[in-house]
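> Sequence:
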Amino acid sequence: MLRFGKVNKDICNTNVFEHSGKVYSIAENYLPQEIDIFSLNTHGNWDVNGSWDRCFTAHPKRAPGTGELVITGVDAVKPFLVLGVVSADGKRLVHKVDLKLERSIICHEIGVTEQYNVIMDIPLVVDINRLVQGGPLIKYEKDGYARIGVMPRYGDSESIMWFDVQPHCIFHISIALKKVVVRGFRQLKAIIPGPDFGHNKFEWFSRGFKPINDESIEDGSFFSRLHEWRLNMVTGEAKERRLTGDEFSMDFPMINENYIGSRNNYGYAQVADSNASSSCALPKYGGVAKLCLEDQNNRISKNGSEEEMINLKYHKIGEKQFCTGAAFVARNGGLEEDDGWIVTFVHSEETNVSQVHIIDTKKFDGEAIVKITLPQRVPYGFHGTFISTIPKNV
Numbered sequence: 001m002l003r004f005g006k007v008n009k010d011i012c013n014t015n016v017f018e019h020s021g022k023v024y025s026i027a028e029n030y031l032p033q034e035i036d037i038f039s040l041n042t043h044g045n046w047d048v049n050g051s052w053d054r055c056f057t058a059h060p061k062r063a064p065g066t067g068e069l070v071i072t073g074v075d076a077v078k079p080f081l082v083l084g085v086v087s088a089d090g091k092r093l094v095h096k097v098d099l100k101l102e103r104s105i106i107c108h109e110i111g112v113t114e115q116y117n118v119i120m121d122i123p124l125v126v127d128i129n130r131l132v133q134g135g136p137l138i139k140y141e142k143d144g145y146a147r148i149g150v151m152p153r154y155g156d157s158e159s160i161m162w163f164d165v166q167p168h169c170i171f172h173i174s175i176a177l178k179k180v181v182v183r184g185f186r187q188l189k190a191i192i193p194g195p196d197f198g199h200n201k202f203e204w205f206s207r208g209f210k211p212i213n214d215e216s217i218e219d220g221s222f223f224s225r226l227h228e229w230r231l232n233m234v235t236g237e238a239k240e241r242r243l244t245g246d247e248f249s250m251d252f253p254m255i256n257e258n259y260i261g262s263r264n265n266y267g268y269a270q271v272a273d274s275n276a277s278s279s280c281a282l283p284k285y286g287g288v289a290k291l292c293l294e295d296q297n298n299r300i301s302k303n304g305s306e307e308e309m310i311n312l313k314y315h316k317i318g319e320k321q322f323c324t325g326a327a328f329v330a331r332n333g334g335l336e337e338d339d340g341w342i343v344t345f346v347h348s349e350e351t352n353v354s355q356v357h358i359i360d361t362k363k364f365d366g367e368a369i370v371k372i373t374l375p376q377r378v379p380y381g382f383h384g385t386f387i388s389t390i391p392k393n394v
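For the sequence shown, full-length UniProt numbering assigns the number 1 to the initial residue and increments by one for each residue that follows.
In case anyone wonders, no lab produced these hints; they're calculated from the structure.
Note that CB positions come from ideal geometry on N, CA and C, so glycine has one too.
Treat the hints with caution; some may be incorrect.
[Unchecked claim] As a list, the in silico BS3-like pairs of lysine-lysine whose alpha-carbon atoms are at most 25 Å apart:
| # | residue 1 | residue 2 |
| --- | --- | --- |
| 1 | K142 | K22 |
| 2 | K22 | K96 |
| 3 | K96 | K142 |
| 4 | K22 | K78 |
| 5 | K316 | K239 |
[Claimed, not checked] Here are the simulated distance ranges between beta carbons:
| # | residue 1 | residue 2 | range |
| --- | --- | --- | --- |
| 6 | R92 | E308 | 53 to 59 Å |
| 7 | K78 | S262 | 32 to 38 Å |
| 8 | G334 | V132 | 51 to 57 Å |
| 9 | P375 | E306 | 35 to 41 Å |
| 10 | R92 | K320 | 48 to 54 Å |
The whole structure should be built from the sequences, with the hints applied where relevant.
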């Protein structure tokens with residue numbers, strides 16, 4: 001096709017994950033790369049002993065109870081989206097199925113519950129024909145449809161129950177519950193691949209990062225709010241609502257991973273500094289938020305109606321300081337879901353010093369309990385992972 005037989009160049013800079021004692025770096029347009037976390041040497045592609053022959057989601061999910069790894073892989077040609085289940089020991093692909101989508105989409109993350117896989121089918125579409133005709137390979141189709149699919153762990157395309165929802169763009173699912181309540185950070189349009197040809201890139205990005213403006217369809221289009229979809233597996237009905245207001249844009253959600261697929265009382269997210277992001281046309285995160293999911297109250301929206309929203313706690317990093325790669329670390333032996341810490345890289349643009357901050361999630365709005373100064377700059381990036389013990393096979 002293009003690029004010597006490839007639609008896009010191979011990169012591996014989005015996320016890091018561990019499975020069965022091995023550590024991998026990943027971006028969703030190629031296979032994971034096994035890495036040595038001490039030397040950072042690359043050991044090579046991980047294709048599950050030759051049984052996985054396509055791209056690999058940036059956010060594989062460990063299935064509750066079994067320890068299996070649920071993965072997806074997109075392609076610009078059919079089959080557009082394939083789902084797989086990898087054994088807990090990482091040696092076998094125990095399930096692989098074509099989901100038989102009608103279009104190629106960017107499926108950045110998959111959700112899991114104890115029984116189901118949750119698929120976000122959004123109108124962020126990959127189209128080779130559009131590229132050949134001079135358009136972008138990836139485009140958010142604002143008039144396209146969006147739906148959420150729920151399938152049994154080892155189901156096929158016929159077993160998926162699809163729920164039509166309002167068109168939107170979402171990259172990250174924060175929680176997928178046993179009763180199939182999906183929560184994620186929803187925005188009005190996609191930040192990738194950027195503006196259409198001929199548009200001023202700086203202006204386009206700058207306006208998108210501004211706070212939401214009801215009088216403009218461009219201002220605040222990247223503003224992410226926590227959204228909830230309640231999916232009724234009996235009637236096929238989907239009810240949706242927003243859970244956070246217009247005060248802060250948030251993304252890069254985290255939960256206590258011991259509670260994946262079960263009822264969550266708490267989540268965490270990086271909080272965007274809309275002014276700083278707009279001024280440089282790049283996302284910058286000035287703090288983190290604790291999402292108190294079961295603690296809700298009524299608030300008056302801009303149009304004067306009452307909306308039930310969750311309560312939030314904020315931890316502001318500091319003036320001209322921004323965080324990246326935040327991760328939740330559960331306390332060993334902790335009995336409560338929010339017993340742990342947020343660990344994040346922090347960079348000061350005033351002093352050009354990078355640090356690691358450790359935030360006690362029980363005392364969330366207080367100062368970081370530990371600040372570790374690093375010997376060199378840590379660039380702003382995407383996702384971070386905390387590995388608390390040395391993987392047995394590294």
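> Checked against the structure, which of the hints given earlier come out wrong?
Hints 1, 3, 4, 5, 6 and 9 not satisfied by this model.
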